[in-house]
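Sequences are here, hints too, so could you generate the full structure?
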Amino acid sequence: MGSVDHSIKENIKPYEASFGAMVPTPFVKFMRTCLIWQGIRFIIINVKMILVVQKSH
Amino acid sequence: MARLVVMGGGVSGHTAATFAKKWLGNEHEVVVVTPNSQWNWIPSNIWVGVGQMNKEDVTFPLAPVYKKAGIDYRQAKAVSIHPEGKTDSNTPYITIEYTGQGKEGQTEEVTYDYLINATGPKLNFDATPGLGDGKGGIGNHTVSVCTADHALHANLELQKIFNKAKTEKQKVLIGTGHGMCTCQGAAFEYIFNIEHEARRAGVRDNLEIQWISNESFLGDFGIGGLHIKRGMYAASSKLFAESLFVERGVKWMIGAHVSKVKKGKIEYELLDGTTGEETFDFAMLIPPFAGVGLKAYNKDDEDMTDKIFAPNGFLKVDADYTPKPYEEWKASDWPKTYQNPEYSNIFACGIAFAPPHLISKPMSSPNGTPINPTPPRTGMPSGIIGKAVAHSICDLIKNGSGAHLHEASMGEMGAACVASAGKGLTNGTAAALTVYPIVPDFEKYPGIGRDLDYTFGEIGLAGHWIKHILHHMFIYKAKLKPGWTLIPE
Chain A
1 MGSVDHSIKE NIKPYEASFG AMVPTPFVKF MRTCLIWQGI RFIIINVKMI LVVQKSH
Chain B
1 MARLVVMGGG VSGHTAATFA KKWLGNEHEV VVVTPNSQWN WIPSNIWVGV GQMNKEDVTF
61 PLAPVYKKAG IDYRQAKAVS IHPEGKTDSN TPYITIEYTG QGKEGQTEEV TYDYLINATG
121 PKLNFDATPG LGDGKGGIGN HTVSVCTADH ALHANLELQK IFNKAKTEKQ KVLIGTGHGM
181 CTCQGAAFEY IFNIEHEARR AGVRDNLEIQ WISNESFLGD FGIGGLHIKR GMYAASSKLF
241 AESLFVERGV KWMIGAHVSK VKKGKIEYEL LDGTTGEETF DFAMLIPPFA GVGLKAYNKD
301 DEDMTDKIFA PNGFLKVDAD YTPKPYEEWK ASDWPKTYQN PEYSNIFACG IAFAPPHLIS
361 KPMSSPNGTP INPTPPRTGM PSGIIGKAVA HSICDLIKNG SGAHLHEASM GEMGAACVAS
421 AGKGLTNGTA AALTVYPIVP DFEKYPGIGR DLDYTFGEIG LAGHWIKHIL HHMFIYKAKL
481 KPGWTLIPE
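Residue numbers (the working numbering), protein chains in the order written: chain A, 1 to 57; chain B, 1 to 489.
A few of these clues could be false.
Unchecked claim - The list that follows gives simulated cross-link-like pairs (lysine to any residue, SDA-like), each with its CA atoms no further than 20 Å apart: (1) K238(B) / G20(A); (2) K9(A) / E208(B); (3) K251(B) / S7(A); (4) K48(A) / K265(B); (5) K9(A) / R248(B); (6) K13(A) / K238(B); (7) K251(B) / K55(A); (8) K265(B) / Y454(B); (9) K238(B) / K55(A); (10) K55(A) / K265(B); (11) K55(B) / H406(B); (12) K55(A) / G134(B); (13) K55(A) / H391(B); (14) K29(A) / A354(B).
To be verified - Okay, the calculated bits of chain B under chain A, using three or more residues with CB under 8 Å as the criterion: (15) 3-17; (16) 172-182; (17) 462-475.
Please keep in mind that the hints were generated in silico from the structure rather than gathered at the bench. None of the values given here were measured: they were computed from a predicted structure. Each residue gets a CB set at the ideal place from its N, CA and C atoms; glycine is no exception.
In structure tokens:
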């Protein structure tokens, strides 16, 4: 799960603009849709956004 | 009794008018002049543009809401401002032309004590040959998601492409339709929603998806990019944007000024001066924005539009408009109170105010063609500015001309932004971002211009859920339902 996924061989071409991009590992992609982890992130992101909103008013 | 007239009923104008009415009560009058009969939560137009929402999900009629609030609503477009009145009267007024309420085409003079210009942008499709229809509307070759009706049409055309892509290769081109466009974020969100929907429809393999933008680097977004903490680094939005494009197999072309649009083909010029053509089967190109074309006249009915408006049609406010090189730009150049320097009873909010300069570094091709994003003023900042302006005017009305004006500088204000890719609650993801301040302050935050503690971003379902919540929350607020004032802008 930690290795880089197929996005590399499918979408990256040497010496093209895509070559310099970072590509998420399958673990990162899994965490993006993992309900437990995203539930935690939901709370954290909301708190961060509320702080930015408060700072802006 | 004082009368406040608000020109425009979008996010900023609606916020200003509704708060002003709440604070002023029945002792004073609030009039809203807007050509639209519907309020539109524009960020969700993206979901309309991919068939995940209907027009009714992102709009509601303004008349009942304004009736409930006690606001005098005129479905009309503002045509001209007369801040000095006329020869036989010193009372300032605007002229309006009705677009609804059974008075279509009729004109009227509406006097005011205080005026807010919240007219938003003119979608200047005609700035690019072929992008517009030559009459101010969108042309036949491309689609748009700038209005709910545009987004409905965009989805109809997109579904045709998806059907064709079941059997043959199709090319989708999304981005900006001119070198001076803003609102890259909307196009960014649309391209990844299309990519997501194409996967769901099983046609992704037959769909070539291409980004074209006037940004000098991917992830500029018209705000000069941003940095966020990732690992032990302050990483640029360029890295994250490029990563997303590569992960989803979307090619990009940046630093591009679309110079001409034809059927199935665009012509473009790049920052290095080279020119080229790109073909497409489906294209959504954001038009550049301009002021809506309001005129201003003095007491003798002489045109003085250039006195209170910038050449691009946006209202001059308390910004430092002195031309100076990028290296000398300061966050403090940006307006704080949005009061017009010539007429102290005129204010602007939202897109209608003239920014003092770009936020992204100005660029042009060797041929002299400017190719750089113009500053975004949509969403959260437009709501905050609208509320601050309403607060100032209410204080002026209640406490007299010496009242303290409320400030809401984009150089001291942050913004939260969520860009979805898909609509489902368990599939699709979103990029949730905050940036503080919107206009980088390189004196306070040398190097990256922003506070890393308040500027962050990440991709995941959590952002997606927030996008759903924001959709319902802001429509609830705009409908003035119980507790609406507790919801922040």
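We went through each hint and held it up to the structure:
About 11 Å separates the Cα atoms of K238(B) and G20(A), which keeps this hinted pair within 20 Å; it holds. A threshold of 20 Å between alpha carbons decides the hint, and for K9(A) with E208(B) the separation of about 17 Å falls inside it, so the pair holds. For the hint pairing K251(B) with S7(A), the CA-to-CA distance comes to about 13 Å; that is within 20 Å, so the pair holds. For the given pair, K48(A) sits about 43 Å from K265(B) by alpha-carbon distance, which is inconsistent with the 20 Å threshold.
Restraint check for K9(A) and R248(B): the C-alpha separation of about 12 Å stays at or below 20 Å, so the hint holds. Taking the CA atoms of K13(A) and K238(B), the gap is about 18 Å. The hint holds against a cut of 20 Å. Among the hinted pairs, K251(B) with K55(A) is inconsistent with the structure: their alpha-carbon atoms are about 37 Å apart, more than 20 Å. The hinted pair formed by K265(B) and Y454(B) fails the criterion: a straight-line CA distance of about 42 Å is larger than 20 Å.
Between the alpha carbons of K238(B) and K55(A) the distance comes to roughly 26 Å, so the proposed pair goes past 20 Å and is violated. Pair hint K55(A) plus K265(B) does not hold up; C-alpha atoms about 46 Å apart against a cutoff of 20 Å. For the proposed pair K55(B) and H406(B), the alpha carbon gap of about 36 Å is over 20 Å, so the pair is violated. The straight-line distance between the Cα atoms of K55(A) and G134(B) is roughly 44 Å, outside the 20 Å bound, and the hint therefore fails.
Distance hint between K55(A) and H391(B) is fulfilled; the C-alpha atoms sit about 18 Å from each other, no more than 20 Å. With a CA separation close to 42 Å, the supplied pair K29(A) and A354(B) exceeds the 20 Å bound. For the stretch 3-17 of chain B, the proposed coverage by chain A is not satisfied: 0 residues have a C-beta within less than 8 Å of a C-beta in that chain, short of the threshold of three. With 0 residues bearing a CB less than 8 Å from a CB of chain A, the stretch 172-182 of chain B misses the requirement of three and the coverage assertion fails.
Under a criterion of three residues with beta carbons nearer than 8 Å to beta carbons of chain A, the stated coverage of the stretch 462-475 of chain B is upheld, 4 such residues being counted.
In this structure, the earlier hints numbered 4, 7, 8, 9, 10, 11, 12, 14, 15, 16 are contradicted, and the remaining ones agree with it.
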